[in-house]
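Now for the letters of each chain:
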Amino acid sequence: MQWTRKDLLSLYDLSGDEITYILDTAEEFKKVSERRVKKVPALRGKTVVNFFVEPSTRTRVSFELAEQRLSADIVNMQAQASSLLKGETLLDTVKNIEALQVDLVVMRHSAPGAQAFIAQHLSCGVVNAGDGAHSHPTQALLDIFTIREKKGRVAGLNVTIVGDIIHSRVARSNIWGLLKLGANVTVAGPATMVPKEFESIGVRVCHNLKDALKDADVVNMLRIQRERQTAGFFPSTGEYAKFFGLNPATMKYLKPDALVMHPGPINRDVELTGDIADGPNSVILEQVTNGLAIRMAVLYLVGCVKK
Amino acid sequence: MIDTAGNPAVFFNRPAGKLFKKGSCRFEKREGKMDNTLNMLCSSSEVQGAVRQLAADIFKLISSSSGECALVGIHQQGVPLACAIKEVLEKEFKCSPDLGTLDISMYRDDIGNRSRLPLIRETSIPFDVNDKLIILVDDVLSSGRTIRAALDALTDYGRPRLIRLAVLVDRGEPEFPIRADFVGFNLTVPAGHKIKVLFAGDSSEEPGIYDMKWQK
Amino acid sequence: MNSYILKNARVIDPGRNIDTKGDIGVDQDGRFAEPAALAGAQVIDLEGKVVAPGFIDVHVHLRHPGNTLAETIATGTAAAAAGGFTSIVAMPNTKPAADTVGSIELFHRLVSQDAVVRVLPCGCMTVGLAGEEMAPIGSLKSAGVVALSDDGKCIQDHALMRRIVEYAKAFELPIMDHCEEYKLAEGGVMHEGKWSVLLGMNGIPAAAEEIIIARNIIFARQIDWKIHMQHVSTAGSVKLLRAARAEGVKVTGEATPHHLTLTDECIKKFDTNYKMNPPLRSEEDRLALIEGVADDTITVIATDHAPHTRTAKEVEFDYAPCGIIGLETAFSVCYTELVKKGVISLPRLIGKMTTGPADVLGIKAYDMAPGKAADFVVLDPEAAYVIDKNTFKSKSRNTPFDGREVCGKVMMTAVGGKIVHQA
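Protein chains in written order, with this note's numbering: chain H, 1 to 307; chain L, 1001 to 1216; chain A, 2001 to 2423.
By construction, these hints were calculated from the structure, which means they are not laboratory data. Do not rely on the hints blindly, as some may be mistaken.
To be verified - Listed below are the simulated DSSO-like cross-link pairs for lysine-lysine, each with C-alpha atoms no more than 27 Å apart in a straight line:
1) A:Lys2389 to A:Lys2341
2) H:Lys306 to L:Lys1213
3) H:Lys95 to A:Lys2269
Stated by the list, open to error - Below, a sample of chain A positions facing chain H; criterion: calculated Cβ distance under 10 Å:
4) Val2189
5) Lys2194
6) Ser2196
7) Leu2198
8) Asn2202
9) Lys2268
10) Lys2269
11) Phe2270
12) Thr2272
13) Val2315
14) Asp2318
As the list claims (entries may be wrong) - Chain A is nowhere near these chain H residues, computed Cβ spacing over 12 Å in every case:
15) Lys6
16) Gly16
17) Glu98
18) Lys151
19) His207
20) Val283
Here a beta-carbon is modelled for each residue, glycine too, at the ideal position from N, C-alpha and C.
Hey, can you work out the whole structure from these sequences and the hints?
Structure representation (C-alpha cells):
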C-alpha cells in the first residue's frame, strides 16, 4: 500500500494497513534519532504551525522536536478557546495561517472534531494533536508502536486500559487502533468513568481491577484528573488508588512479563506507585522516545504527500 | 545482519531476512502505468558477467587502498545488486566487505510532488562509516538525483574517506554532475522510457535488464 | 379579491373527517364557500393534488427582533408559506424577549407590516426566560399571546413552575414546555449514548428530558391544565406521555421531523447542522417516537424552526448554537418517512399538522367548512425532488436535509384566500 492522506485526524478513519504503515515508517525514523546527525531533510523548506488551543507541554515539545529533526520551519501559536470564541472564529484564524503559505497545521483543541472541521476547509495538511476527549492519534500510535516493539506483535494481545475512560482521548484512540490491529481490549475503572457503551464495539468493560488485569499482556494506566473528583465521579484519589491503582499488591494480578504503560504525566502513587513506574515492567519512558519517531513518521507522511 | 552464506551461487537470489519487509511491493508504480511489453536489453547471463566484472574492478580498488571497505546498496534494486557483488567478492576474491542498505526517501528532492508515498525501507549501516571506503551500489544511474540524495544520507552517518559509485547500467544522461566509477553496461533508451532491472523473484518475467515505456 | 374554485382535488379535512374527491370554493372575502354559490368564479384544476387546511406550526423561532441576520418576520413567514404553514406560533426568546406587553405590541406591529402568514405570539412564562420571576401572564394574554413558553430554557424551580401552571390556567393560556433538567444536561452537546461515548462528546442523557416530562405530567394532573411537551425526543418520554394521556391528563406532545428521521450517529462527522436541543437521540428513541406518532401519543408535528447564520454554525461542534430550520422541509420529510413508509396515512399526517396543533392552542374546529377563513395548502404527494437549501425562502441555510431525496411537495399555500406561495 501507499500513503495518500493529507491529514491525520483519528485512528477511527484509518484502516489496519494504514496504521501498520505508519508504524513501519516510524521504525526508520526512530533510527534517525539514534544517529550522529539526528536530522533528515524530509520537510526542508516546509513550514509547520503548531497551533495549540489548549495548553500542552509534552505533546508540543515532542511535535516540535520531530519537526526540527525533519528540517521543517516551525511556528508555535497558542490561543485560548474562550478568547477565540469572543473574537475571530477558529476557521478565520486557521485560514489566516494557511494564507501565509503554511504546509502543515498541527493542532490541539479542547473541542472534539475541531481538526476534522478545519481540515474540510484547508488545503494544507492537518495533524490532530488531541481534540477534547475524542482523539489523540499520535499518542495511540506511539503506545501501539511500543507494544509492537516489545511484544513483537499486536494481534491477539490482551490490552487493558485503566482509568477515566469516558474523558480520555488517549483511551478512544488506543481502542480504535488496537481493535483494527486485532488486539483484545479491556477498559476498566470506576463505573462512573467507564461506560458500558464501549461493549457495542467489542471492548470488554470491567469495573474490577483484578478481572481487568488477569491475562493482560499490556496495561495502560491513564492519568486521573483531580477535577473529576470535585465533579463527583469518584470520592477521593486515595480510594481511586486503592481500587484502581497499580501497586505491589495489584501488580500480582498481572502476568510477570506484562508491559506497564502510562501516557504521562504520572500522578505517582495514584495511578501507579513510584516503584512500578520505575520498575522492570514499565515502558513509560520508551513511550516518550517512540512518540518522537511516530510524530516524525506522521509528519513525513502527511507533509510529503502531494496536496 | 546480511547472511548470504547459505544461498546457492546464483547472484539473483535475494537474501532472506530483515532487508525486505513483509507486504512490501516490488514495483513503485508512480502515477503512470507500465507498458505491458518489456523489451529485454540484456539477458541474465550477461548480467551475471557484468556483476563479476564489477566485483573484479571493485576488488582492484579495495586491494590497492588501505583501510576497510563497505558496500552500500540503495533501495530498491541496488540492494540485491550489492548482495550479488559481495557474494562474488567473497567466493572469487576471498574479500568480505561490510554490507549496508540505504533508503533515500527522506532525502529526495521531489518530496511533496508525489501523491502516493511508498513505504520507507530499511536503512542499515551496521558499521562505522568514518574513514571507510564506501562503494555505493545502485542498479541504474539515470538523472543522478538518487545518488545526490544517497551522498547526503550517507554523510549524515559520518565522514567516509572515499565514496565510489558502482552501477549496473549507466544511461549516460545525468542531470547532476555525477558519474559512476564502476559501470556494468552503458545503455541508451528513448526519453520517457525506463530501464528496469529484474532479479530472480522480482516478477514472473525472466531476470535481466529491460526497456520499459511509461504510459501516463 | 376574485372568488375561485379548487376543482377535482382530493380534499382532506381532518377536522371534519373528510377525505374525498371534490371541489372547494373560496369567496370574495377570502372564506371557504360552497362552489355552487360562486357563479363565474375562476376555476383551478387540481387533478391529482390534495387540498388540506393550512398547516399550523406551534414551534417557530423568527429571530425578529434580535437576530435579523438569521431570520426576519418577512423571510420566516415566507419560509412558512413555502412549507404549507398558514399559522405559526412565534417563540418568545427574541431580543428583547416577549415578556412584556410592549414587546408583544412591537411584535404585532412588525407582523402586520411584514408577515405573509398568520403569526401568533407566544409569551414567556418567566421574565427574560430566566426561570426566576413570573412574567406578567395576564397582561400578555390581553396583548394577544396564544400560549406561554420559556422555550430554549426550562424552569428548574418546580415550585415556580407549579405557580405558573396554576396562574396560566386562570387565563386559559396553554403551557408549552421545553423539558430539560439542567444539572443532568450540563455541558452536553449531543445525546448521551453509544455515539457520545465513541466520539468523546459530553452527553445529554434521556433522563434530563424525562424527569421534566414527569414533573409536568404531575402538575398537569394536579392542576388539571394543559401542558404541551415541546420536541419530545426519547422513548421514555413517549412512554410517560402515553400513560398520562390514557389516564386523561391534559398533556400533549410534539415531535419534530428531525427527531423522527435522524439519530445521534449523524454527528460522527461533526456537522453542526446535526446539533440541536434536545439532541438527536438513538435509533431506539427514534423508533419509539414514530410509534408514539402512530398511536397518537404524539398529536403534533412541529418544526422547532431555528435559524442560525452560516457564521454562527461554522464553528467547532461544542460551540455551535443548537437548532436547525425546518419550515420548508417538514411536510416533504414527514410524508416521505411517515406516509410513504406506511407509519400513518396522509390524512393523519395532515391532522398532526392542523387539528393536532390547533387543539394545543385551544382553536376549536380548525377545518375548511364554508364561512371559515380560507387558509389552505395544495399538495402533490407524488412529486419527488431533491431538497436544495439554496432555494429556501428562509434567510438561513442550517438544515441537515440538504440533498435529501424526498417525495410530496407543497404546491400552493393560501392565507385568507390569498395565495402566498406557489411552487
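Evaluation of the provided hints:
1. With a C-alpha separation of about 24 Å, the suggested pair Lys2389 (chain A) and Lys2341 (chain A) falls inside the 27 Å cut-off, and the hint holds.
2. The straight-line distance between the Cα atoms of Lys306 (chain H) and Lys1213 (chain L) is roughly 24 Å, inside the 27 Å bound, and the hint therefore holds.
3. Under the criterion of a C-alpha separation no larger than 27 Å, the hint pairing Lys95 (chain H) with Lys2269 (chain A) is consistent with the structure, at around 20 Å.
4. A least Cβ separation of about 8 Å between Val2189 (chain A) and chain H falls short of the 10 Å threshold, and the interface hint therefore holds.
5. Hint on Lys2194 (chain A) holds. Least Cβ distance to chain H is approximately 5 Å, under the 10 Å limit.
6. The beta carbon of Ser2196 (chain A) is positioned within 10 Å of a beta carbon in chain H (closest approach about 8 Å), and the interface hint is therefore held.
7. The criterion of a C-beta within 10 Å of any C-beta in chain H is met by Leu2198 (chain A), whose closest approach is roughly 7 Å, and the hint holds.
8. The restraint placing Asn2202 (chain A) at the interface with chain H holds, with a minimum CB-CB distance near 8 Å, inside the 10 Å limit.
9. Given hint, Lys2268 (chain A) at the interface with chain H, holds; its Cβ is 8 Å from that chain's nearest Cβ, closer than 10 Å.
10. At about 7 Å, the closest approach between the beta carbon of Lys2269 (chain A) and any beta carbon in chain H falls short of 10 Å, and the interface hint on this residue holds.
11. Contact between Phe2270 (chain A) and chain H, as hinted, is supported at the beta carbon level, the nearest pair being about 3 Å apart and thus within 10 Å.
12. Against a cut-off of 10 Å between C-beta atoms, the interface hint on Thr2272 (chain A) holds, since the closest Cβ of chain H lies about 8 Å away.
13. With a least beta-carbon distance of about 6 Å to chain H, the hint placing Val2315 (chain A) at the interface is held under the 10 Å criterion.
14. Interface hint at Asp2318 (chain A): satisfied, since its Cβ lies 4 Å from the closest Cβ of chain H, which is below the 10 Å cut-off.
15. With a least CB separation of 17 Å from chain A, Lys6 (chain H) remains clear of the 12 Å interface cut-off, as annotated.
16. Distance check on Gly16 (chain H): its Cβ is at least 18 Å (rounded) from any Cβ of chain A, clearing the 12 Å threshold; non-interface status holds.
17. For Glu98 (chain H), the requirement that its beta carbon stay farther than 12 Å from each beta carbon of chain A is met, with the minimum near 16 Å.
18. Distance to chain A confirms Lys151 (chain H) as a non-interface residue, since its nearest Cβ pair spans about 27 Å, more than 12 Å.
19. Every C-beta of chain A lies more than 12 Å from that of His207 (chain H), the closest at about 15 Å, which supports listing it as non-interface.
20. With a minimum CB-CB distance of about 25 Å to chain A, Val283 (chain H) clears the 12 Å threshold, and the non-interface call stands.
In terms of the numbered hints stated before, the structure departs from none.
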